[in-house]
Structure formats: structure tokens, C-alpha cells
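Starting from the given sequences, assemble the full structure and let the hints guide the process.
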Amino acid sequence: ASISAAADDVLSDADAVSWRAPYQTSSGLRKKINQGAVSFVDLHLSEVAQMVNYGFFGDIDVAVIEASALAPDGRVWLTSGIGNAPTWLLRAKKVIIELNNYHDPRVAELADIVIPGAPPRRNSVSIFHAMDRVGTRYVQIDPKKIVAVVETNLPDAGNMLDKQNPMCQQIADNVVTFLLQEMAHGRIPPEFLPLQSGVGNINNAVMARLGENPEIPPFMMYSEVLQESVVHLLETGKISGASASSLTISADSLRKIYDNMDYFASRIVLRPQEISNNPEIIRRLGVIALNVGLEFDIYGHANSTHVAGVDLMNGIGGSGDFERNAYLSIFMAPSIAKEGKISTVVPMCSHVDHSEHSVKVIITEQGIADLRGLSPLQRARTIIDNCAHPMYRDYLHRYLENAPGGHIHHDLSHVFDLHRNLIATGSMLG
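Taking this note's numbering, the leading residue of the sequence shown gets 1, the next gets one more, and so forth.
Some clues are possibly wrong.
[Unchecked claim] Simulated restraints, written as ranges between beta carbons of each label pair: (1) Phe128 <-> Lys338: 41 to 49 Å; (2) Ile423 <-> Ala71: 54 to 62 Å; (3) Ala16 <-> Val114: 30 to 38 Å; (4) Asp252 <-> Asp15: 31 to 39 Å; (5) Asp252 <-> Glu401: 51 to 59 Å; (6) Asn153 <-> Ser375: 54 to 62 Å.
[As the list claims (entries may be wrong)] With a straight-line cut-off of 27 Å between C-alpha atoms, the simulated DSSO-like cross-links for lysine-lysine are: (7) Lys145 <-> Lys94; (8) Lys31 <-> Lys341; (9) Lys163 <-> Lys338; (10) Lys238 <-> Lys360; (11) Lys238 <-> Lys256; (12) Lys238 <-> Lys163; (13) Lys31 <-> Lys163; (14) Lys93 <-> Lys145; (15) Lys163 <-> Lys341; (16) Lys256 <-> Lys163; (17) Lys94 <-> Lys144; (18) Lys31 <-> Lys338; (19) Lys144 <-> Lys93.
Hints are computed from structural coordinates only; laboratory data are not their basis. Values in this document were obtained by computation on a predicted structure and should not be read as measured data. C-beta: ideal position from N, C-alpha, C; glycine also.
Here's what the structure looks like:
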């Protein structure tokens, strides 16, 4: 989905990027995007490879791809991130290989490369279990396309997370409570279901809490990325196997995997992004999706990309792929930000990435809003009572009671008053 923030920072500082897709985490590039200096296309990650294959983005002149090994016949073995590299390798006119000797050659044992055919002759992807392997360990390309090989010996730019805080831990406790309730009601089987987890401090806290709770059985992951906490849970056996598109972990954790490949090789599978985020597979496996949002409205829509509806953060990434197709879609966030100046729960989202039709559960440190089977007004009261911070509940209830409407109640003359106050005064309550 993206290269490291460090690389994006250098490219944006040099004004070397004019168009970017589909995801980024660079503060420098983000600034250029929000200034209008860089055109950014925000995409569901499962759709990127197909859009490239159909030529919607034009030709790919040169692809720069990191590899752990290369054969004269054009076989390319990738490293700790598969992503869309197979598509770039196959579609690019020219290929430059960065042969990174830092990576253990056995990293290829983690890869499972399969490229779906084009519609309408696309077959089903025969993955019926999170750890099923259906492809090869390498990408086969025409060796004549390889115009250069550059040798390096550099570790990945790992994703270092902040120390856990009480807010993240309370959200994590609420997530575990909800999942245990679902098991008790028979809506999650005793052997559990595969989990997808986004990245960040909240998700890391959730994974840690799941690992600590003896009532949660060992489980599988079918996710887009695997972050730091997953490595520890694989070591302890709490996670029995993990499928993803890349490893977003520290250099120490990556070295731990490489030093213990006899153990990890059978417990980690890395796939192309159009497979890791494939709607068909996500639906078949019954994945439980755990993602973080920026804001939610009282009817259950979620904004995960744009601050105050205008400034891009990172992008939608793969959250929509999982949220729309998961058996159970859970969104998490603190109820407030900036010491209460911002409410995560608002009358109407300033930007919508995930609609009320797909968001099943919202969890904040305040509580749990299970939205399944609820009408719009029932959803609104449930979200306000269970997820909104107490300092905003009265305002949100008054808005709902005073708003005109039929099936859905909205006062279009006041629906964005909280956002207007934030812009004018720096606080939503003014």
C-alpha cells in the first residue's frame, strides 16, 4: 500500500512526487497533499491491483522492488512486504531490483503468491482456512525487463508505537468484553474466528488484551498487516497462525522471526494485497474486523481519513475491504480528543468512509454500541448513551430531539455546529 514514511518524507521534501496512491503515513507528504501540491487518490486496497491491470492509472514505466533473491530466468523472491509488488513486477515496462541482503533468504518461505485472473474468467481463490497456501513463493517475470540490480543491506523502517495509555487499555478491555459476550451467546464459535486488526496503539492494546485473557482461545489472523504485538502472541501460541500482506514490525522483532524461522515459517503467510484483502475470502472465513476511526456520527457512519472533512490523515487503506465484508465489523476510537475539545461522536460525519450499512459495532472507552438490528433512531440513542463522552451527551441528545425528520432525523441548519465551533474557537463546545 505504501513505502516507508522515511522514504516518502525524502521524496516529498524534494518535490519529486506529483501524484500518489493509495495510502501514506508521511507527515511531509501529507502536508503537500493537503496543500494541493500532490494529487492523492484514496482507494480500497483490494482494488488497486485490478485498477492497475485495467490501465486506469496509465502505464507503469519503472518499478523499484525489494527482493531477497533473484534467478536468471526472472523469478523474484520478495521480502517482508508483498503488497502489490507482484502487480508492479508484472505490469512495469522496466524493473529495478533492490536486492536487500539484510533479509534472511528463508523469508521466501513466508510468501504465497497467487495472481487472480481477469473478469469474467476469474476463478475463486481456494482459501478456506487462514493459513491455506495456494500459490508460489516467487513472482515470475520476463528477465529482460530487469534493467538494474542494486545491492543493499538495510533493515525495514519499522513501525514504533507509543507506550500504552489508560484510554487505549479501556477500549481494549471493552473489545474483549464484547467478544466474550458474543462467544457466550454462541455468535462466535468456541474455536473463535479469524481476526483482522488495523495498525496503531489501540489495535496493539486490543491484541495484548486478547493475549492475556484466558477465556479467549488460541485464534488465527487473516489481516492486511501484522504489527508488533502479533509476533509476541505467535511466540506464546495465543495466535496459532497469521496471514497478511506485510510485516509492520520493529527491526528487533523481524530479527527474532529470522532467527527462529523453523518456528515462524509455518505460522506466517504473506500474500499479495488483492488476496489478503479479498472480499470473497474475508466473507468466507467469517473474519472479525477491528479498525479505528477518526469520528462517528450518531447513526453509525464512520470517518477514518479526513480531519474536519477536509485534511487527509493517511487514507482508507484496507479498513473498508474488511469492514464491508467481515462477519463482524468493529470500529474503535477514544470518545474525545485534544483533552475534550473534540468529540469523536458527532451529529453527522464531516466525511464518510464507512456507511451505517456496514458498521456493526462502535466501541470507545465509554462503552459498547451494538448496532445490529437497530433502526436509525435506536442506533443514535445507543451510540450517544454508550460511546459519547459525558460532556457531549446532553448536546447530542438535544440535537436528536430537536432535529426534524422522518426515518432519520437531521437539522441541516445545525448539523455541523460542532465542527464550526471547532474551526472558530478550537473547541467543539465553543
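A quick look at each hint next to the structure:
no.	hint	in the structure
1	Phe128 <-> Lys338: 41 to 49 Å	holds, 46 Å
2	Ile423 <-> Ala71: 54 to 62 Å	holds, 57 Å
3	Ala16 <-> Val114: 30 to 38 Å	holds, 33 Å
4	Asp252 <-> Asp15: 31 to 39 Å	holds, 35 Å
5	Asp252 <-> Glu401: 51 to 59 Å	holds, 54 Å
6	Asn153 <-> Ser375: 54 to 62 Å	holds, 59 Å
7	Lys145 <-> Lys94	holds, 5 Å
8	Lys31 <-> Lys341	holds, 23 Å
9	Lys163 <-> Lys338	holds, 18 Å
10	Lys238 <-> Lys360	holds, 26 Å
11	Lys238 <-> Lys256	holds, 17 Å
12	Lys238 <-> Lys163	holds, 22 Å
13	Lys31 <-> Lys163	holds, 26 Å
14	Lys93 <-> Lys145	holds, 6 Å
15	Lys163 <-> Lys341	holds, 23 Å
16	Lys256 <-> Lys163	holds, 21 Å
17	Lys94 <-> Lys144	holds, 8 Å
18	Lys31 <-> Lys338	holds, 20 Å
19	Lys144 <-> Lys93	holds, 10 Å
The structure meets every hint from the earlier list without exception.
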